[in-house]
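Chains as they are written, first to last, in numbering that gives the first Met the number 0: chain A, 0 to 360; chain B, 0 to 272.
The hints are simulated quantities; they were obtained by calculation from the structure and are not laboratory data.
Each hint should be verified, as a subset may be incorrect.
[What the hints assert, rightly or not] Simulated pairs of lysine to any residue, SDA-like, Cα-Cα distance not exceeding 20 Å: (1) B/Lys269 to B/Leu244; (2) A/Lys355 to B/Ser105; (3) B/Lys269 to B/Ser246; (4) A/Lys355 to B/Ala152; (5) B/Lys186 to B/Gly156; (6) B/Lys229 to B/Gly74; (7) A/Lys355 to B/Ser154; (8) A/Lys355 to B/Asp184; (9) A/Lys355 to B/Arg148; (10) B/Lys186 to B/Leu214; (11) B/Lys186 to B/Val266; (12) A/Lys355 to B/Pro149; (13) B/Lys269 to B/Pro259; (14) B/Lys229 to B/Glu103; (15) B/Lys186 to B/His210; (16) A/Lys355 to B/Gly155; (17) B/Lys186 to B/Leu265; (18) B/Lys229 to B/Ala21; (19) B/Lys269 to B/Pro257; (20) B/Lys229 to B/Leu29; (21) B/Lys229 to B/Gly75; (22) B/Lys229 to B/Arg28; (23) A/Lys61 to A/Pro83; (24) A/Lys355 to B/Pro107; (25) A/Lys355 to B/Leu153; (26) B/Lys229 to B/His210; (27) B/Lys229 to B/Ala217.
Chain by chain, the residues run as shown.
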Amino acid sequence: MTVLEKTEQEAAAEVPPRRRRTTGWLLTVGMAVGLLVLVPVAAGIGAYPIPVADVLASVQHKVGLGGHELDRVAESVLWNVRFPRIVLALLVGASLGCAGALMQGVFGNPLAEPGTIGVSVGAAVGAVASISLGLSFFGNWTLPAMAFAAGLGTVLLVYGMSRSGGRTEVVTLILTGIAVNAFCGALVGLFIFLADTAAVNQITFWQLGSLSQATWERVLAVLPCAAIGLLLAPLYSRRLDLLALGDRPARHLGVDVERLRIVLILVVALLTAAAVSVAGVIGFVGLVVPHLLRMAAGPGHRFLVPGSALGGAVVLLGADLAARTMAAPAELPLGVLTALLGSPFFFWLLRRTRRKQGGWA
Amino acid sequence: MRLLRPRPTPPSPAEPGDVLAAAEALHVRLGSRVVLHGVSVAARAGEVLALVGPNGAGKSTLLGALAGDLPVAEGGVRIHGRPASEWSAPELALRRAVLPQSAELSFPFTVEEVVRMGRAPWAAIGAEEDDAAVAEAMARAEVTAFAGRPFSALSGGERARVALARVLAQRASLLLLDEPTAALDLKHQELVLRLCRERARAGDAVVVVLHDLGLAAAYAHRVAILRAGKVAADGPPDEVFSDRLLSEVYDQEVEVLPHPRTGAVLVTPKRDS
Chain A
0 MTVLEKTEQE
10 AAAEVPPRRR
20 RTTGWLLTVG
30 MAVGLLVLVP
40 VAAGIGAYPI
50 PVADVLASVQ
60 HKVGLGGHEL
70 DRVAESVLWN
80 VRFPRIVLAL
90 LVGASLGCAG
100 ALMQGVFGNP
110 LAEPGTIGVS
120 VGAAVGAVAS
130 ISLGLSFFGN
140 WTLPAMAFAA
150 GLGTVLLVYG
160 MSRSGGRTEV
170 VTLILTGIAV
180 NAFCGALVGL
190 FIFLADTAAV
200 NQITFWQLGS
210 LSQATWERVL
220 AVLPCAAIGL
230 LLAPLYSRRL
240 DLLALGDRPA
250 RHLGVDVERL
260 RIVLILVVAL
270 LTAAAVSVAG
280 VIGFVGLVVP
290 HLLRMAAGPG
300 HRFLVPGSAL
310 GGAVVLLGAD
320 LAARTMAAPA
330 ELPLGVLTAL
340 LGSPFFFWLL
350 RRTRRKQGGW
360 A
Chain B
0 MRLLRPRPTP
10 PSPAEPGDVL
20 AAAEALHVRL
30 GSRVVLHGVS
40 VAARAGEVLA
50 LVGPNGAGKS
60 TLLGALAGDL
70 PVAEGGVRIH
80 GRPASEWSAP
90 ELALRRAVLP
100 QSAELSFPFT
110 VEEVVRMGRA
120 PWAAIGAEED
130 DAAVAEAMAR
140 AEVTAFAGRP
150 FSALSGGERA
160 RVALARVLAQ
170 RASLLLLDEP
180 TAALDLKHQE
190 LVLRLCRERA
200 RAGDAVVVVL
210 HDLGLAAAYA
220 HRVAILRAGK
230 VAADGPPDEV
240 FSDRLLSEVY
250 DQEVEVLPHP
260 RTGAVLVTPK
270 RDS
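Full structure from sequences and hints, please.
Set out below in C-alpha cells:
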C-alpha cells in the first residue's frame, strides 16, 4: 500500500464524522441566531405595531440594563399579549421537536411522531375531557395533568400494540396510529357532544391548534412538563444512538433497554402533553424538524435531540407569526398552517423513500 | 440519573485457561418449547470454541444464554465466574461482546460511528484509548477504507465486517460470535477466523457458531457438536469429528479425511459420482 493511498483512506475515515459535527455546530449557531432575530421581530409585528428598537428598549428596561419604558398601551401589548404568546410558541415548538426526535429514536423508526401515531390526539382527549366536564382538581394544572395522563396511556397502547419481537414494523405502527386517531377522535367528539356551548367553542378553537389564548398563567401551567421533558431528554442521547443497533445489541453494550424505553416514553408523554394542553393538536413539527436535521447533520442523537428542540422552537415561532399576520386582522389556526406545510413534506418523504429503497416494508 | 447508580466495576484480567463463560446443565425454554436440555460447555481464556450442529439444534440459543440474554429454566450460566443474572447490563458489557447473526441499523450512521458505539461501555469508567481501539478494530476487520460511508449503503458482507469491528472495539475478554462468516466471501471467512485465533492467543475466550465444519476443524481449539438441544460431543476437532458421529448428527453421509498435503482435518459430504 502506498503512502498516498493510506492518507486517502485515513481522510475517508475521518472527514465525514468531523464534517457532520461541524454541520451540527453551524446549525445550532444558525438556529440560535434565527431565534434571537425572530423573537424581537415577532414581538413587534401585529395589529398594534411596535418598532423592534422599542421592543429591545422595553426588555432592557425590564431586566434593569438601561433602555426605557414604552407608553402604557405598547407596554401592555408587549408584556401581556405578545411575550406570553412567544414564550408559549417556543415551549410548544421545542416540546414537539424534541418529542419527535425521541420517538423516532425509541421506535427506531423515522415516521414516529406524536401526531402521526395518535399521541397528540390521545392527549387531546384528556384535555377535552377536562374542559367538557369542567374539572379543576389540580387548579391551573388540571388540563396539562389530564393531557399527560391520556397521552401516556396512548403511547403505552401504541407501543404495546406495534412492537413484536423487539421491533416496530412501520406498517403496524402507522395502522395502529390510524386506529388510535379514529378512536380518540370519536372520544373527543363524544365530549363535545356532552359539553355546553361555551365549552364547545373553546374546544373547537383549541382543536384547530392555536396559541391565540396565550397568557402567563398558561405559560406557567405547561412550564413544569416542558422543562422537565426538555432537561431530561438530552441525558439519553448516547443510549438512543445505541438503540439504533436493535434491542439486544444495545443491551450487549450496557444499555438497560426496558428501563430506557419506559423513561423515554414518560418524557415523550410529558412533552406532548405540554404542547397539546395549551396549543391543541399541532402536527408535523415533530416529524419535519428532526428529519431535516438528520439529513443535514447525521443521525447522532447528541445533536439531534437538543437540535430538534431548538429547531422546533424556531419553526413554531415562525409559523405562529405567519398564522397571525398572513390573513390579518383575522388569524389562521396554527395547526391548520403547520398541517398545510407539513403534509406535502410527508408526501415528499414517501416518494423519496420509495425511490431509494422501494418503500417501507 | 448516573449519580444514583454505582459505577460498574472494571473486569480483572483473565489468566489463560480461566473459564470466562460456562453453561452448567443448562435448560432453556423459548415459549413452550425446551430448546436446550442440560447443556454443559465452558469457554476458556486462550481458546476458540466452535459451536456446530444442524439447523435448530440450539446453537444460537446457547450463544444467547452464554451472553446472558435468555432466562434460564434450569441449571445455570456463569460469566466471569458469577451467575449471569447477577451482573448489571453495564458490567456485562465490559466483560463480553456479542456479534448478532444479522446486523441492522435504524438510522444512517457512518461505519466509523457504528464501530465507535462499541466503545460505549467504557465511557462509564472513563477509558481513554477510544480512538486507538476504534482505529485498530476497523483495520483488523478491513473496514477502514469505507469508514466514512453510511452503514445502510454497504453490502451484506461489508456490514458483517463492520459489525465485527464494533465487537472488536468493545475489547471484552469474552467474544460471542453468531455465524460471523455467513455473509462473507472465502477470503474474509479466513480473515474472521484468523482474527478469532488472534484474540484467543491474546488471552480472550472466543465462542463462535459455525456452519462450515471445515472452518471449525481448521481454526477451533475445541468443538461442541449440538444435536436437538444436547451436546453430542465436545473436544478438539480431530478427536470429535468422525464420519459416524457427523453423519448421524446431520442425517447426511459425511466423510472426514486428512488433507493430502498438510494432514489437517477435512470434512465433506459424501456425494455419489
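Hint-by-hint comparison with the structure:
Between B/Lys269 and B/Leu244 the alpha-carbon distance is near 14 Å, which keeps this suggested pair within the 20 Å criterion. For the hint linking A/Lys355 to B/Ser105, the alpha-carbon distance of about 15 Å falls within 20 Å, and the restraint holds. This hinted pair checks out: B/Lys269 and B/Ser246 have alpha carbons roughly 9 Å apart, not beyond 20 Å. For the suggested pair A/Lys355 and B/Ala152, the alpha carbons sit about 11 Å apart, so the restraint of at most 20 Å is met.
For the hint linking B/Lys186 to B/Gly156, the alpha-carbon distance of about 11 Å falls within 20 Å, and the restraint holds. Under the criterion of a C-alpha separation no larger than 20 Å, the hint pairing B/Lys229 with B/Gly74 is consistent with the structure, at around 13 Å. Simply put, A/Lys355 and B/Ser154 have alpha-carbon atoms about 15 Å apart, close enough for the 20 Å limit, and the pair holds. Taken as a hint, the A/Lys355 and B/Asp184 pair is broken in the structure, with Cα atoms around 27 Å apart against an allowance of 20 Å.
The suggested pairing of A/Lys355 with B/Arg148 holds, with an alpha-carbon distance near 16 Å, which does not exceed 20 Å. Distance restraint check for B/Lys186 and B/Leu214: the Cα-Cα separation of roughly 12 Å lies within the 20 Å cut-off, and the hinted pair is therefore satisfied. Between the alpha carbons of B/Lys186 and B/Val266 the distance comes to roughly 19 Å, so the proposed pair stays at or under 20 Å and holds. Under the criterion of a C-alpha separation no larger than 20 Å, the hint pairing A/Lys355 with B/Pro149 is consistent with the structure, at around 14 Å.
Proposed proximity of B/Lys269 and B/Pro259 is supported: the alpha carbons are some 17 Å apart, at most 20 Å. At roughly 30 Å between alpha-carbon atoms, B/Lys229 and B/Glu103 are farther apart than 20 Å, so this suggested pair is violated. Our distance criterion of 20 Å between C-alpha atoms is met by B/Lys186 and B/His210, whose separation comes to about 16 Å. With a C-alpha separation of about 17 Å, the suggested pairing of A/Lys355 with B/Gly155 holds against the 20 Å cut-off.
Between B/Lys186 and B/Leu265 the alpha-carbon distance is near 18 Å, which keeps this suggested pair within the 20 Å criterion. For the suggested pair B/Lys229 and B/Ala21, the alpha carbons sit about 15 Å apart, so the restraint of at most 20 Å is met. Distance restraint check for B/Lys269 and B/Pro257: the Cα-Cα separation of roughly 15 Å lies within the 20 Å cut-off, and the hinted pair is therefore satisfied. A threshold of 20 Å between alpha carbons decides the hint, and for B/Lys229 with B/Leu29 the separation of about 15 Å falls inside it, so the pair holds.
With a CA separation close to 15 Å, the supplied pair B/Lys229 and B/Gly75 stays within the 20 Å bound. Pair hint B/Lys229 plus B/Arg28 holds up; C-alpha atoms about 13 Å apart against a cutoff of 20 Å. Between A/Lys61 and A/Pro83 the alpha-carbon distance is near 15 Å, which keeps this suggested pair within the 20 Å criterion. Only pairs whose Cα atoms come within 20 Å are accepted, and A/Lys355 paired with B/Pro107 is accepted, the gap being roughly 13 Å.
For the given pair, A/Lys355 sits about 14 Å from B/Leu153 by alpha-carbon distance, which is consistent with the 20 Å threshold. Distance check on the hinted pair: B/Lys229 and B/His210 sit about 17 Å apart at the alpha-carbon level, within 20 Å; holds. For the hint pairing B/Lys229 with B/Ala217, the CA-to-CA distance comes to about 24 Å; that exceeds 20 Å, so the pair is violated.
Consistency note: the structure conflicts with the earlier hints numbered 8, 14, 27.
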